[in-house]
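Chemist: As a plain string of letters, each chain reads:
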Amino acid sequence: MKKIIMILFLSAAFITVFSDWNVPKYINYVNDYINVLSDKQEKDLNTLISSVEKQTGSEIAVVTINTSDDITPKEMATEILNTWGVGKKDKDNGLVILLALSSDNISGKNRIEIEVGYGLEGVLPDGLIGRIIDDNMYDNLKAKNYYDAFYSGIEAMTKYISGEFKASDYEENSFNVSSDFFWIIMVGIFIIFSFFASFLSIPKCRSCGKRMKLLNTNIIERATYTSSGRGIKHYRCPRCGNTFEKAYIISKISRGSGSSGRSGGSFKGFGGGSSGGGGAGRSF
Amino acid sequence: MKKGLIALIVLVIIVIIGFSWYFGTYNKFVALEESVNSSWSEIDNQMLRRADLIPNIVNTVKGYAAQEKDIFTAVAEARSKLIGAGSAEDKIAANNELDSALSRLLVVVENYPELKSDKLFTQLMDELSGTENRISVARKRYNDIVKDFNTKIKMFPSNIIAGMSGYEQKPYYEIPDYAKTNPQVNF
Chain C
1 MKKIIMILFL
11 SAAFITVFSD
21 WNVPKYINYV
31 NDYINVLSDK
41 QEKDLNTLIS
51 SVEKQTGSEI
61 AVVTINTSDD
71 ITPKEMATEI
81 LNTWGVGKKD
91 KDNGLVILLA
101 LSSDNISGKN
111 RIEIEVGYGL
121 EGVLPDGLIG
131 RIIDDNMYDN
141 LKAKNYYDAF
151 YSGIEAMTKY
161 ISGEFKASDY
171 EENSFNVSSD
181 FFWIIMVGIF
191 IIFSFFASFL
201 SIPKCRSCGK
211 RMKLLNTNII
221 ERATYTSSGR
231 GIKHYRCPRC
241 GNTFEKAYII
251 SKISRGSGSS
261 GRSGGSFKGF
271 GGGSSGGGGA
281 GRSF
Chain H
1001 MKKGLIALIV
1011 LVIIVIIGFS
1021 WYFGTYNKFV
1031 ALEESVNSSW
1041 SEIDNQMLRR
1051 ADLIPNIVNT
1061 VKGYAAQEKD
1071 IFTAVAEARS
1081 KLIGAGSAED
1091 KIAANNELDS
1101 ALSRLLVVVE
1111 NYPELKSDKL
1121 FTQLMDELSG
1131 TENRISVARK
1141 RYNDIVKDFN
1151 TKIKMFPSNI
1161 IAGMSGYEQK
1171 PYYEIPDYAK
1181 TNPQVNF
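So the sequence lines, in the order shown, correspond to chains C and H. Under the numbering used here, the first residue of the first sequence carries the number 1, and numbering increases by one thereafter. Under the numbering used here, the first residue of the second sequence carries the number 1001, and numbering increases by one thereafter.
Note that these hints are calculated values from the structure, not bench results. Be aware that one or more of the hints could be misleading.
As the list claims (entries may be wrong) - Among the chain C residues that face chain H by a calculated CB cut under 7 Å, a handful are:
(1) Lys74
(2) Thr78
(3) Gly122
(4) Asp126
(5) Gly130
(6) Gly271
(7) Gly272
(8) Gly276
(9) Gly277
The structure presented is a predicted model; accordingly, all values stated were derived computationally and were not measured. We put the beta carbon where it would ideally sit given N, CA and C, even for glycine.
Given these sequences and hints, build the entire structure.
Modeler: Take a look at the structure:
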């Protein structure tokens, strides 16, 4: 009888050890299971992701984990996104950035995978994800600067999610020399023009007609978030010593988006998004 | 008299339970078959998407390795077979053939370092492997649903209804052994 119980116990242990890989429980946006990030870095990434969620509604999970023999890093990323439900349920706008390091940390066996939810496949096609990894993350990953890699990767992807950049901008037809040249000329003309305009706005001396020199500026009323301010510029002619005062308006202070999203701990769980294996990855 | 009435009521109840079980099970088969079909169509979409990518990839490779003609023909043939395939079984077979032709192409690519660093090629390879990842996710989901469906068809007593309504087992999407050991090109 005891033997049978022993065998049962042993086989149960055997099954638990050799069973399939299980999706771990999430902690926050950033899930640094293998401790490659400092506490401050983790907090900063959580703050960044939380502001991305406020700004665009998209959810991003960062996962650092060891590679497994049972399952590829890509499969892990897909499982994680769908089990945790990263992204809003009706929009599927989730991203999982998975860093899988081999236990012996041999170069070439480590892998970065970015899994893209169904709803973001249009703004972040696989080719673009690959390019973002190459351009914004790869060197930092190689140098083990995982925080910098995550940060600049998230920043780059956010530009596409928020619509600031379009995926088509990234396509391989931007080597159009003539159009680049055209823009350089346009920018050049604009710079010259604005120099000229600011020069013209300097008043001339009443008696000799020479352009006056700016002595100082006084601010009468400071600009606030809600109202614009006023100031006075004092000019003096360098030749005849005539003075001239000119009022000007200080424009309202624009409220930067960085001032919101103070706390890094506004994580309320993921929204139930799903994905079907989209995205790209690199070994390093 | 009373005994007869009770017997009648019991009989009616049994008949009602029997009917509701019949329709319930039948409807379950309908719903399951529908999700088998829809998960298959996801595989189908991604296979076609992959077939669409292939001419671009072949053209890019040709720019660097024009002399590897045999492989280009093999890929082109496998691709047109996939596009022409009708039934699920034919498509799976053609897709597996395309897998092996493509993996030979990717072995060739290894010999051309300039090609590997070509940005357009990298982008196309990302799209290709993204599509392959989607196929493997869709395949896993398809096989899971087929497993549910086939189990229900074989199990007693729902197998009676499956037999009566003419439901047959669905094929799994299996990967051939050689495909599992294919050389992987990593970027």
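Chemist: With chain H as the partner, please determine if glycine 122 (chain C) meets the hint condition of a C-beta pair closer than 7 Å.
Modeler: 13 Å, violated
Chemist: Is the shortest C-beta separation between glycine 130 (chain C) and chain H less than 7 Å?
Modeler: This hint holds: glycine 130 (chain C) lies near chain H, its Cβ roughly 3 Å from the closest one there, short of 7 Å.
Chemist: Does glycine 276 (chain C) hold up as a contact with chain H if the rule is Cβ-Cβ below 7 Å?
Modeler: 5 Å, holds
Chemist: Does the interface hint hold: is aspartate 126 (chain C) within less than 7 Å of chain H, judged Cβ to Cβ?
Modeler: OK, holds: aspartate 126 (chain C) within 7 Å of chain H, min 3 Å.
Chemist: For the restraint on glycine 277 (chain C), tell me whether the closest CB of chain H is nearer than 7 Å.
Modeler: Hint on glycine 277 (chain C): holds, closest Cβ of chain H at ~4 Å, below 7 Å.
Chemist: Please verify that hint: lysine 74 (chain C), Cβ, nearest Cβ of chain H, below 7 Å or not.
Modeler: 6 Å, holds
Chemist: Given glycine 271 (chain C) as an interface hint, is its Cβ closer than 7 Å to any Cβ of chain H?
Modeler: Interface hint status for glycine 271 (chain C): violated (20 Å vs cutoff 7 Å).
Chemist: Does glycine 272 (chain C) meet its interface restraint, that is, does its C-beta lie within less than 7 Å of any C-beta in chain H?
Modeler: Where the cut-off is 7 Å and the nearest Cβ of chain H is about 17 Å from glycine 272 (chain C), the hint is violated.
Chemist: Against chain H, is threonine 78 (chain C) within 7 Å by beta-carbon distance?
Modeler: Status holds, d = 6 Å.
The earlier numbered hints that this structure contradicts are 3, 6, 7.
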